[in-house]
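Model the full structure from these sequences, guided by the hints.
Protein chains in written order, with the numbering used here: chain A, 650 to 725; chain D, 650 to 725; chain W, 138 to 476; chain E, 138 to 476.
To be clear, the hints were calculated from the coordinates, so they are not data collected in a lab. On a predicted model such as this, the values are computed, not experimentally measured, just so you know. Cβ coordinates follow ideal geometry from the N, Cα and C atoms, glycine included. Where hints are given, some of them may not hold.
Stated by the list, open to error - Here's a subset of chain A near chain E, in silico, CB distances under 7 Å, partners left out: (1) F656; (2) A657; (3) R660; (4) A698; (5) E701; (6) E702; (7) F703; (8) I719; (9) V722; (10) S723; (11) G724; (12) G725.
Each chain, letter by letter, is given below.
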Amino acid sequence: MNKIMFFAHLRDSVGEESVTKDVSGKTIAELKQMLAEEYELKLDSVMAAVNEEFASDDEVIQDGDTVAFIPPVSGG
Amino acid sequence: MNKIMFFAHLRDSVGEESVTKDVSGKTIAELKQMLAEEYELKLDSVMAAVNEEFASDDEVIQDGDTVAFIPPVSGG
Amino acid sequence: MSERYSRQTLFPPIGKEGQEKIRSKHVLIVGAGALGSGNAELMARSGAGKLTIIDRDYVEESNLQRQQLFAESDALEKMPKAAAAEKRLKQITSEVEIRSIIGDATPEKLEELAEGVDLILDSTDNFETRMAINDISQKFDIPWIYGACVGSFGMSMTIIPGKTPCMNCLLKKIPIQGMTCDTGGIIAPAVQMVVAHQAAEALKILSENWESVRNAMVSFDLWRNQYTNMKVSKVKDEGCLSCGKERTYPYLQPENMMKSTVLCGRDTVQIRPPKELEIEYTEIAQQLKSLGYQVKGNPYLLSVEMEGQRLVLFKDGRALIHGTKDLAQAKSIYQRIMG
Amino acid sequence: MSERYSRQTLFPPIGKEGQEKIRSKHVLIVGAGALGSGNAELMARSGAGKLTIIDRDYVEESNLQRQQLFAESDALEKMPKAAAAEKRLKQITSEVEIRSIIGDATPEKLEELAEGVDLILDSTDNFETRMAINDISQKFDIPWIYGACVGSFGMSMTIIPGKTPCMNCLLKKIPIQGMTCDTGGIIAPAVQMVVAHQAAEALKILSENWESVRNAMVSFDLWRNQYTNMKVSKVKDEGCLSCGKERTYPYLQPENMMKSTVLCGRDTVQIRPPKELEIEYTEIAQQLKSLGYQVKGNPYLLSVEMEGQRLVLFKDGRALIHGTKDLAQAKSIYQRIMG
Numbered sequence: 650m651n652k653i654m655f656f657a658h659l660r661d662s663v664g665e666e667s668v669t670k671d672v673s674g675k676t677i678a679e680l681k682q683m684l685a686e687e688y689e690l691k692l693d694s695v696m697a698a699v700n701e702e703f704a705s706d707d708e709v710i711q712d713g714d715t716v717a718f719i720p721p722v723s724g725g
Numbered sequence: 650m651n652k653i654m655f656f657a658h659l660r661d662s663v664g665e666e667s668v669t670k671d672v673s674g675k676t677i678a679e680l681k682q683m684l685a686e687e688y689e690l691k692l693d694s695v696m697a698a699v700n701e702e703f704a705s706d707d708e709v710i711q712d713g714d715t716v717a718f719i720p721p722v723s724g725g
Numbered sequence: 138m139s140e141r142y143s144r145q146t147l148f149p150p151i152g153k154e155g156q157e158k159i160r161s162k163h164v165l166i167v168g169a170g171a172l173g174s175g176n177a178e179l180m181a182r183s184g185a186g187k188l189t190i191i192d193r194d195y196v197e198e199s200n201l202q203r204q205q206l207f208a209e210s211d212a213l214e215k216m217p218k219a220a221a222a223e224k225r226l227k228q229i230t231s232e233v234e235i236r237s238i239i240g241d242a243t244p245e246k247l248e249e250l251a252e253g254v255d256l257i258l259d260s261t262d263n264f265e266t267r268m269a270i271n272d273i274s275q276k277f278d279i280p281w282i283y284g285a286c287v288g289s290f291g292m293s294m295t296i297i298p299g300k301t302p303c304m305n306c307l308l309k310k311i312p313i314q315g316m317t318c319d320t321g322g323i324i325a326p327a328v329q330m331v332v333a334h335q336a337a338e339a340l341k342i343l344s345e346n347w348e349s350v351r352n353a354m355v356s357f358d359l360w361r362n363q364y365t366n367m368k369v370s371k372v373k374d375e376g377c378l379s380c381g382k383e384r385t386y387p388y389l390q391p392e393n394m395m396k397s398t399v400l401c402g403r404d405t406v407q408i409r410p411p412k413e414l415e416i417e418y419t420e421i422a423q424q425l426k427s428l429g430y431q432v433k434g435n436p437y438l439l440s441v442e443m444e445g446q447r448l449v450l451f452k453d454g455r456a457l458i459h460g461t462k463d464l465a466q467a468k469s470i471y472q473r474i475m476g
Numbered sequence: 138m139s140e141r142y143s144r145q146t147l148f149p150p151i152g153k154e155g156q157e158k159i160r161s162k163h164v165l166i167v168g169a170g171a172l173g174s175g176n177a178e179l180m181a182r183s184g185a186g187k188l189t190i191i192d193r194d195y196v197e198e199s200n201l202q203r204q205q206l207f208a209e210s211d212a213l214e215k216m217p218k219a220a221a222a223e224k225r226l227k228q229i230t231s232e233v234e235i236r237s238i239i240g241d242a243t244p245e246k247l248e249e250l251a252e253g254v255d256l257i258l259d260s261t262d263n264f265e266t267r268m269a270i271n272d273i274s275q276k277f278d279i280p281w282i283y284g285a286c287v288g289s290f291g292m293s294m295t296i297i298p299g300k301t302p303c304m305n306c307l308l309k310k311i312p313i314q315g316m317t318c319d320t321g322g323i324i325a326p327a328v329q330m331v332v333a334h335q336a337a338e339a340l341k342i343l344s345e346n347w348e349s350v351r352n353a354m355v356s357f358d359l360w361r362n363q364y365t366n367m368k369v370s371k372v373k374d375e376g377c378l379s380c381g382k383e384r385t386y387p388y389l390q391p392e393n394m395m396k397s398t399v400l401c402g403r404d405t406v407q408i409r410p411p412k413e414l415e416i417e418y419t420e421i422a423q424q425l426k427s428l429g430y431q432v433k434g435n436p437y438l439l440s441v442e443m444e445g446q447r448l449v450l451f452k453d454g455r456a457l458i459h460g461t462k463d464l465a466q467a468k469s470i471y472q473r474i475m476g
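Here it is, written out as structure tokens:
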């Protein structure tokens with residue numbers, strides 16, 4: 650199983666801070682697409698972290714990994 | 650085994666952010682005394698957390714617990 | 138609603154309704170030092186209805202490194218911090234009622250000031266005053282937000298009567314000899330970080346977003362790159378004398394307060410802590426020396442020269458402050474060293 | 138060393154030696170809005186040797202809620218932010234050399250300003266300028282610190298040429314349509330929190346405590362009580378065009394810059410983003426309406442009335458700003474909406 654965490658406004662779109670799903674074997678890009686459909690999210694330019702380390706779109710998720718989605722922010 | 654974490658100046662006294670030891674079965678008070686001797690720390694009024702939850706001096710540590718020591722601060 | 142708060146009302150959890158609530162509230166800020174000036178500025182900019190600020194000190198040159206309401210001229214003129222804070226806050230906004238009080242935040246004074254207050258923002262530098270704030274919070278059902286920092290380390294906790302544990306549930310006793318900014322140093326970003334947490338919690342409470350309040354004590358160290366939330370909900374103690382079923386509000390009782398007495402004809406104030414301490418001279422002496430103070434000692438006492446006064450500290454925590462007859466000033470000197 | 142920085146030199150990792158180093162350094166702050174005024178104030182109070190601050194905007198009433206250097210009079214007089222910042226900073230300290238520049242932080246201008254600079258503090262509101270800062274950082278071997286915030290959310294990352302990955306390794310492309318403070322709102326504590334992180338990292342770099350620099354992108358949400366450090370060291374890309382072996386510094390190349398052109402005789406500026414976007418009107422329209430702007434639209438364009446100007450936005454990201462001939466003002470309006 651995997652814990653998937655959502656930061657900032659993504660959390661509100663999903664309705665929860667984290668969900669638990671088995672997504673092992675999927676790439677980050679595949680997971681993004683899956684979540685985009687399920688929760689109507691725009692995840693194209695959102696950053697992903699696997700176990701608190703930056704993950705690129707082609708990284709494959711392992712069982713037990715925690716995935717976090719963090720939107721880059723431009724305001725200041 | 651247990652992970653024991655040290656915050657603020659305690660980290661510098663210990664020389665590391667965390668150490669790994671088997672301290673299961675001990676109370677927080679016992680662990681404080683042990684660490685006080687090993688690292689010459691003053692832990693009387695230091696707060697302890699077990700798995701990110703405040704722990705009193707008589708709480709017994711279980712195998713796998715993460716213990717953190719956080720000194721209360723008065724400056725402002 | 139004015140254009141002034143448009144970016145804050147655009148933040149969905151606040152909105153126009155939340156802004157009206159913030160506008161109707163009265164915040165008491167205890168201390169106008171580093172945390173106090175930061176908290177006061179954020180509350181004023183955010184459009185709180187009324188701010189009451191109490192502080193007993195005046196602006197010194199060494200404050201300018203981190204106390205954001207003060208300018209060089211305030212230090213040159215040795216302006217009382219409360220008055221200097223009010224002056225700058227009024228330049229920042231004419232929409233917030235500012236009441237500044239130059240004086241010591243004794244339990245009696247705090248009880249008097251608490252009337253009609255919706256929130257207390259702790260910006261003090263010592264646990265004696267915090268424990269009095271904690272008792273007043275419970276007695277008058279007013280939330281308060283603890284904040285403190287030293288070096289690059291800081292922490293904050295939100296206390297809501299009837300919902301969260303109180304500071305007395307957590308600490309049971311006043312920590313002895315906490316590090317203070319006068320002994321451990323402080324960097325300005327640590328102040329800002331505590332203020333960020335306290336002010337965010339304040340906005341939640343003032344806009345009545347109770348469900349967003351942080352149910353944990355947050356601690357961080359910006360230099361060592363540490364951050365942790367310690368949950369505290371289980372700590373709530375039914376037998377607590379401050380918030381339990383049979384309350385005595387111990388820190389509002391005279392026997393638990395620091396005693397300060399002017400010693401007649403000697404230009405000296407004696408300070409006696411509420412409980413006897415057991416002080417280790419060597420550590421304190423070293424810290425004070427590195428701060429540039431003249432420190433002399435023997436096994437029985439420590440003598441410190443500071444800014445025209447001399448502090449003589451005994452092993453049990455009692456101290457004589459020579460060169461002043463002003464109780465508030467003497468307490469201030471004592472607490473800056475002892476926390 | 139003056140008494141002024143005593144609390145900072147008492148912090149052991151800085152000490153007197155670190156303070157001398159801070160004193161000898163020159164910091165470039167790009168932007169004097171919320172992050173810029175916070176960062177500039179902390180750098181000035183901490184005793185940096187020299188600050189250069191560039192900003193193209195003037196102070197508006199809606200800035201006062203979170204931009205800590207500005208007072209009500211600055212908004213009434215519509216003072217340029219860089220000039221208002223300099224005025225307040227000089228009240229705070231006479232010991233720091235302040236150079237303020239009222240103008241657009243174009244890549245050319247930033248290259249010119251980078252000479253002799255030891256650190257760049259990002260306080261901009263858009264990724265186009267950040268990517269130019271990133272390339273300049275690599276080209277001239279100057280560390281920079283990314284900071285950004287919207288709502289109650291913020292983030293920061295420290296980029297040290299030759300040691301850490303750069304922003305281009307991380308993002309590969311400029312994120313389209315990031316939320317901005319003008320569309321998502323902002324609370325002041327989120328600003329303070331980002332400033333706390335940026336300024337702490339700045340003090341580490343200026344005092345040459347390189348081993349303490351945070352090797353992660355930190356993100357936090359003060360309302361949702363979230364905080365995370367995302368390690369980035371593995372991201373470093375040998376093929377990166379900004380920091381890799383064969384560099385082209387793409388964001389310093391004219392073809393990757395936003396194009397702005399005054400349309401002759403029409404009191405109108407056209408803005409064209411470096412790459413075509415695909416804009417979703419409904420979301421932007423809703424956000425702008427809730428901010429009180431007049432918004433009209435059809436499937437091909439969106440028209441927004443704002444403070445005497447009218448912005449017409451096309452689906453590919455191109456925009457016409459009517460009511461101005463000032464390129465910097467037009468770019469500012471565009472980036473406040475589009476991020």
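Okay, the hints, checked on the actual structure:
{"no.": "1", "hint": "F656", "result": "6 Å, holds"}
{"no.": "2", "hint": "A657", "result": "4 Å, holds"}
{"no.": "3", "hint": "R660", "result": "6 Å, holds"}
{"no.": "4", "hint": "A698", "result": "4 Å, holds"}
{"no.": "5", "hint": "E701", "result": "6 Å, holds"}
{"no.": "6", "hint": "E702", "result": "4 Å, holds"}
{"no.": "7", "hint": "F703", "result": "5 Å, holds"}
{"no.": "8", "hint": "I719", "result": "5 Å, holds"}
{"no.": "9", "hint": "V722", "result": "4 Å, holds"}
{"no.": "10", "hint": "S723", "result": "4 Å, holds"}
{"no.": "11", "hint": "G724", "result": "4 Å, holds"}
{"no.": "12", "hint": "G725", "result": "4 Å, holds"}
Checked against the numbered hints given earlier, the structure satisfies every one of them.
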